[in-house]
Each structure stands twice: as structure tokens, then as C-alpha cells.
Amino acid sequence: MFTLIYITASSVDESASIGRKLVEERLAACVNIIPSIRSIYHWEGSMEEDEESALIVKTSHELTPQIIKRVRELHSYDNPCIISIPITGGSRDYLEWLDDEVKRP
Amino acid sequence: MFTLIYITASSVDESASIGRKLVEERLAACVNIIPSIRSIYHWEGSMEEDEESALIVKTSHELTPQIIKRVRELHSYDNPCIISIPITGGSRDYLEWLDDEVKRP
Amino acid sequence: MFTLIYITASSVDESASIGRKLVEERLAACVNIIPSIRSIYHWEGSMEEDEESALIVKTSHELTPQIIKRVRELHSYDNPCIISIPITGGSRDYLEWLDDEVKRP
Chain V
1 MFTLIYITAS SVDESASIGR KLVEERLAAC VNIIPSIRSI YHWEGSMEED EESALIVKTS
61 HELTPQIIKR VRELHSYDNP CIISIPITGG SRDYLEWLDD EVKRP
Chain F
1 MFTLIYITAS SVDESASIGR KLVEERLAAC VNIIPSIRSI YHWEGSMEED EESALIVKTS
61 HELTPQIIKR VRELHSYDNP CIISIPITGG SRDYLEWLDD EVKRP
Chain X
1 MFTLIYITAS SVDESASIGR KLVEERLAAC VNIIPSIRSI YHWEGSMEED EESALIVKTS
61 HELTPQIIKR VRELHSYDNP CIISIPITGG SRDYLEWLDD EVKRP
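Residue numbers (my numbering), protein chains in the order written: chain V, 1 to 105; chain F, 1 to 105; chain X, 1 to 105.
The set of hints was computed from the structure by calculation and includes no laboratory data. Treat each hint with caution, since some may be false.
You can't tell identical chains apart in this list, so a pair holds if it fits in one copy or across any two.
In silico lysine to aspartate or glutamate, EDC-like type, Cα no more than 20 Å apart, as pairs [what the hints assert, rightly or not]:
1. K21 - E101
2. K69 - D93
3. K21 - E48
4. K21 - D99
5. K21 - D100
6. K21 - D50
7. K103 - E25
8. K69 - E25
If we strip away everything but chain V, and leave its shape as in the complex, we get (with noise of 0.2 Å):
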């Protein structure tokens, strides 16, 4: 099973490092990154709007609390946005390479 999990990062550099990490640490197989978002949303009861940046990372379902526990640690913000998604289908060729380029959980 795969999932594919998105993130937002202050910049593109957060997004990078962060990505570079999850890659370098074969936690993720893939990461793309967005580079500009603009984000909406109410923070102590005012509302705010802010630039950022969202990595879409592709990664084995079962590896998604580990990267969970680990952008926590390397991430700017207390309780960033992670959120998984299920990918229920796709090219088999390229599922067998995701699968070939992370850990075993």
C-alpha cells in the first residue's frame, strides 16, 4: 500500500531541506515541491494569510508514522500540516520502483 503525504513549509528552502531529508533518509522514494502557496486560516482567533510552500511526498503507507514523528523534528512550526492520502493505483513499473527506493518500515 502507498499513500502519498502533503506537507506545508514556510519556503521553498524548508520544503527542501525537509524533502532532502525524507529522500536522503529513504523515507520517502519522491518529493515534489511547490513552491509557492498562498495560505488562508485563523490562528488565536484572527485570520491570517501567509505564503508558504507544500512538498507532496510519495512514500510506502506503512512508513507514514515514522515520516510524521520525523518532520516534526526537523520542521519550523509546532504543529505543521501533514496529512496523508491514500494512492489506490498507478503504474505498476512505477509503484515496484517506490516500493524499491524506501525502507522497510
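Starting from the known structure of chain V, fit chains F and X onto it as the hints suggest.
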């Protein structure tokens, strides 16, 4: 249960104005906007290519019907792309924050 | 049942040419292209970082095998990222439009 709602809009400004309403009205905890996407689709028999913008809305699954209704009221299109994707896991602290920030359905 | 297929490509031009074919051939109702993403991955033992582009393809679930086959034919990579994510809800009018715009499998 949580969900990610993906919406496209005519411009980053329209994305921002819809996003602000959803957060302000506690229908969404957080909205991320991808300022610029290119869209290819059929419209009344011919192929069209347009510049659009996309919203990634993070909310509780139970609020999906209200969000669809509200976005259709706010949107400049008659039939905007509003699709929901399941969030099947993630950082517990983040999901708790998300749950606290949205209204009860 | 509907699905969102996420594909990465070498450039926005390659994304556009693949996207046009999928829509033209009624394999997809609509394709959104994120022009520029940064990708980090392992390739033959070393860490790579590249500029890429991403496609978000909205279609019926039954067409997934045909899309995978067609994208692999069109793509410049030997083993492109083609993964599918379930669409579990959304605007009924939009999903009806989506269903009308794609061919029967």
C-alpha cells in the same frame, strides 16, 4: 473523518476571496491556494486551454455538502470543479487543530 | 467512480502535450497543470534534484488502465510517476459533467 476538497477558480483573486469566506465561516480550517495552473478541457465540443488557480481546502468530511453549496454560491462559474479526496491519516496534533477550527456540521 | 491521476513530467510543455492528448482522446475530462515543481529523488544510488511539472487529471476510475498505457506511450521517461487517488465526493453537477466528457471504457 477529514477531507481535502480541491476546487479550481478563474484567478488567484477568486481563489483568495472564496478561501477567505470558507475560513471566515468556519467551513474550512485552512485553505492553500496554488496561484497559477493551466487547465485543458472540452467545453461545448471544442478543446479549451485557460489559466486558472486551485484551492486545496482542509476540513471535516461532514462539512462537504455545506462547502459545495457555499462555493457554488460564491463562484463565477455555473459548474465549478469541486471534488473531495479522503484524508486517511496524518499528524494527530494537526488533525486535532483542524477539528477545533471548523464548525460542527 | 471517479479518480484523480497525478503525473509528473519534465516540463510544462510536456505536461501540456500529454494533457491535450488525454482530453482530445476523451480519456480525461479536464487536466490541471502545475507548471513548475521541484523534485527530489534517488536515481541509480544518488540523490537528484530536478525541475519538473505536474498534471492533475480528472477522469472516471475505469479509464485508469488506458490512461497509464497512453501516458507511458507519450512520456519522455521510461518509468514516469502515474498514481491514482480516489475522488470520493464533490459537486454532483461537476461529477455529472465529468462523466459526460469521458469515453466509455
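Going through the hints against the structure:
{"no.": "1", "hint": "K21 - E101", "result": "within (14 Å within a copy, 31 Å between copies)"}
{"no.": "2", "hint": "K69 - D93", "result": "between (29 Å within a copy, 11 Å between copies)"}
{"no.": "3", "hint": "K21 - E48", "result": "between (29 Å within a copy, 13 Å between copies)"}
{"no.": "4", "hint": "K21 - D99", "result": "within (18 Å within a copy, 29 Å between copies)"}
{"no.": "5", "hint": "K21 - D100", "result": "within (18 Å within a copy, 31 Å between copies)"}
{"no.": "6", "hint": "K21 - D50", "result": "between (25 Å within a copy, 16 Å between copies)"}
{"no.": "7", "hint": "K103 - E25", "result": "within (8 Å within a copy, 39 Å between copies)"}
{"no.": "8", "hint": "K69 - E25", "result": "within (13 Å within a copy, 32 Å between copies)"}
Hint check: no violations occur; every hint is consistent with the structure.
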